[in-house]
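J.: Sequence lines, in order, name chains A and B.
Note that my numbering has the first sequence beginning at 142, numbered continuously upward.
Note that my numbering has the second sequence beginning at 142, numbered continuously upward.
Heads up, a few of these hints could be off.
[Unchecked claim] Stretch-level coverage of chain B by chain A, calculated; a stretch enters the list once three of its residues show a Cβ under 8 Å from a Cβ in chain A:
hint	stretch
1	155-167
2	209-222
3	227-234
I should point out that these hints are in silico values taken from the structure, not numbers from a laboratory.
Here a beta-carbon is modelled for each residue, glycine too, at the ideal position from N, C-alpha and C.
2 protein chains.
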Amino acid sequence: MSKPAQTPDPPYYAVIFTSLRTDLEEGYGATSDRMIELAAQQPGFLGVESARDADGLGITVSYWESEEAIANWRRNAEHRVAQANGLEKWYAEFFTRVAKVERARRFAK
Amino acid sequence: MSKPAQTPDPPYYAVIFTSLRTDLEEGYGATSDRMIELAAQQPGFLGVESARDADGLGITVSYWESEEAIANWRRNAEHRVAQANGLEKWYAEFFTRVAKVERARRFAK
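Could you put together the complete structure from these sequences and hints?
T.: Below, the structure written as structure tokens:
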């Protein structure tokens, strides 16, 4: 997921997911890819963008039409399994922040 | 900047800065470091976290007490010079989104 997300005009919602990885690789890449694929199929999904530094800090921001869409995604069964595995296996620590995007601008050459 | 930001309880504001780099390195690292140092000195600054993928997509999220604090930082003179250089030299494209953080959670082992 190495492109900026293209989102409609605000207002909409962002989930900012900041994480520090453990050293355990097993299952991480496949689950991470699957969660992005699955999120994109949910009602109200607007886009996602993700970057991870070589030293383990990652930031993934997903964009959603509404708080209801975020709540539905949080409760998705397959997502819940991945969340439980995430803290047990792949993440030493993570933060989730839900924010309402009020203004957005794009700058390009 | 390879640590998660430690922020107080919501509400507060986030500026999500998503960028695609050009190949030009000259001056980028020093200016980027200086902007993080300078931001941290501004009134209302709460924290910043940043990650860049090996292929050029970067996400930097800075956290602020208020919209006024964000407006003041946007108008900072040294920051304005860096912004102008940013699009001319270092970024092919970038997005800024201002969002109000309504909920936040931390998970750790």
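J.: Each hint needs a verdict: does it hold in this structure or not?
T.: Consistency of the hints with the structure:
1. Using a Cβ-Cβ cut-off of 8 Å, 5 residues of the stretch 155-167 of chain B lie near chain A, which meets the minimum of three, so the contact claim holds.
2. Counting residues of the stretch 209-222 of chain B whose beta-carbon sits less than 8 Å from any beta-carbon of chain A gives 0, not enough to reach three: the coverage restraint is violated.
3. A stretch counts as covered by a chain when three or more of its residues have a beta carbon under 8 Å from one of that chain; for the stretch 227-234 of chain B and chain A the count is 4, and the coverage holds.
In summary, the one numbered hint that this structure violates is 2.
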